[in-house]
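Number of protein chains: 2
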Amino acid sequence: VNIFYQPHLHEGRFFLDPEESRHCVKVLRKKTGEEIRLTDGKGSFYRAVITTADPAKCTFTVLAVEEELPRSYSIHIAISPTKNSDRIEWFVEKCVEIGIDRITLIECENTERAYLRKDRLDKVAISAMKQSIKARLPVIDEITKFADIVSGGQEAKFIAYVDAENPVTLKSAAPPNSAYLVLIGPEGDFTPVELQTALQHGFKKVSLGTSRLRTETAGMVACHTLQLINAG
Amino acid sequence: VNIFYQPHLHEGRFFLDPEESRHCVKVLRKKTGEEIRLTDGKGSFYRAVITTADPAKCTFTVLAVEEELPRSYSIHIAISPTKNSDRIEWFVEKCVEIGIDRITLIECENTERAYLRKDRLDKVAISAMKQSIKARLPVIDEITKFADIVSGGQEAKFIAYVDAENPVTLKSAAPPNSAYLVLIGPEGDFTPVELQTALQHGFKKVSLGTSRLRTETAGMVACHTLQLINAG
Chain R
1 VNIFYQPHLH
11 EGRFFLDPEE
21 SRHCVKVLRK
31 KTGEEIRLTD
41 GKGSFYRAVI
51 TTADPAKCTF
61 TVLAVEEELP
71 RSYSIHIAIS
81 PTKNSDRIEW
91 FVEKCVEIGI
101 DRITLIECEN
111 TERAYLRKDR
121 LDKVAISAMK
131 QSIKARLPVI
141 DEITKFADIV
151 SGGQEAKFIA
161 YVDAENPVTL
171 KSAAPPNSAY
181 LVLIGPEGDF
191 TPVELQTALQ
201 HGFKKVSLGT
211 SRLRTETAGM
221 VACHTLQLIN
231 AG
Chain U
1001 VNIFYQPHLH
1011 EGRFFLDPEE
1021 SRHCVKVLRK
1031 KTGEEIRLTD
1041 GKGSFYRAVI
1051 TTADPAKCTF
1061 TVLAVEEELP
1071 RSYSIHIAIS
1081 PTKNSDRIEW
1091 FVEKCVEIGI
1101 DRITLIECEN
1111 TERAYLRKDR
1121 LDKVAISAMK
1131 QSIKARLPVI
1141 DEITKFADIV
1151 SGGQEAKFIA
1161 YVDAENPVTL
1171 KSAAPPNSAY
1181 LVLIGPEGDF
1191 TPVELQTALQ
1201 HGFKKVSLGT
1211 SRLRTETAGM
1221 VACHTLQLIN
1231 AG
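If you're matching them up, the sequences are chains R and U in order. If you're matching positions, the first sequence starts at 1 in my numbering and goes up one per residue. If you're matching positions, the second sequence starts at 1001 in my numbering and goes up one per residue.
No wet-lab data here; the hints were simulated from the structure. Note that the Cβ used here is the ideal one computed from N, Cα and C, for glycine as well. Just to be clear, a hint being listed does not mean it is correct.
Unchecked claim - Selected chain R positions facing chain U (Cβ under 8 Å, derived; list incomplete): (1) Arg136; (2) Val168; (3) Lys171; (4) Asn177; (5) Gly209; (6) Leu213; (7) Thr225; (8) Gln227.
Sequences and hints are given; from them, build the entire structure.
Here it is, written out as structure tokens:
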């Protein structure tokens, strides 16, 4: 199943952008009159018929709309970028497949790489959304200072932190049907000051299990744990 | 923390293999008399002191041994290789971090790539074991025919299969403290005949949630689900 992406469909943009047009007409050889499926990344799927199979600007007419039901919970992971950008791209791909609402890259004291190409991450997210047939593209925020993310509000706020006196797991601490925010630190973890700041802002310190996980693995494990609490 | 790997340590091989010797002496600049930590990948950690800091063959004397406690459950994932070998290597890395006992690559009807460099996968597994400070290297089997894997015995056997009439999730079907075997199919999934064969051999059909997952993501999600059932 191929799903095409047109984020401005609900504003009346009844054509595919150049890259999607090329893929549809040149690669998949779709012809005028053939049906295609689309999403706007905002919660809707569309069934449409091609009116002009132009490889530069493929136009279509919408036949039907189907809304994806909203979920009873939302998952927001704020994570330090990894030194190797492949790893954070992989994290984005896997979380989109599993189901995530928002990703914020955070600059912590021990973050080694504070620059990341957001356009690359958006591309990975769009591709994973289409591949896993989802109608909602998660929000990916520009890099944000640790101090700014901890002061934001959310229902259920957690900071993943590995220490000897940390027997509370995310699985046991997270209530179902909530809006979650989980902070995932860099290699070298959050500093004691950062941990204190988060605790003062109502974050709960949690462990993700007994294994020592890489940053991107920890982020993905947190996302999947919250999915399992609510479904699957 | 750096952990070195010497699989034959218990047989009296008190030196590092060439690659590990180079890493220890050339890269990390360890000197004679310095302490190092090792694992044999068979359940033991060792504390040792370097007796000859030779970059070709670094010798050591063991000071202490510590056994990793055996777990009350074991996880065996049998998975079809992916077309892109990066994806299956990634699966191995993540499962080793999360915790896995055995990985079998299986050749199914819809498997597109039946050849895989096992030495590459072993290398990825060793590196992930060291990185996540574990003392057990999972077994990685050579590619195995689907017919051979289904006839093998294990306590709790599951086949991940996506269809309309599949409301039973792995999370709800898997009992804690068991020896698990989960089969993960290729893109295009198991054939109906393969599914029937597995069911006849006592496998239970399970879903991994509502999301459509890539092969490698499904394998990792199955592994993490079983970990969460038992711990974390």
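So, against the hints stated earlier in the document, which numbers end up violated here?
1, 2 and 4
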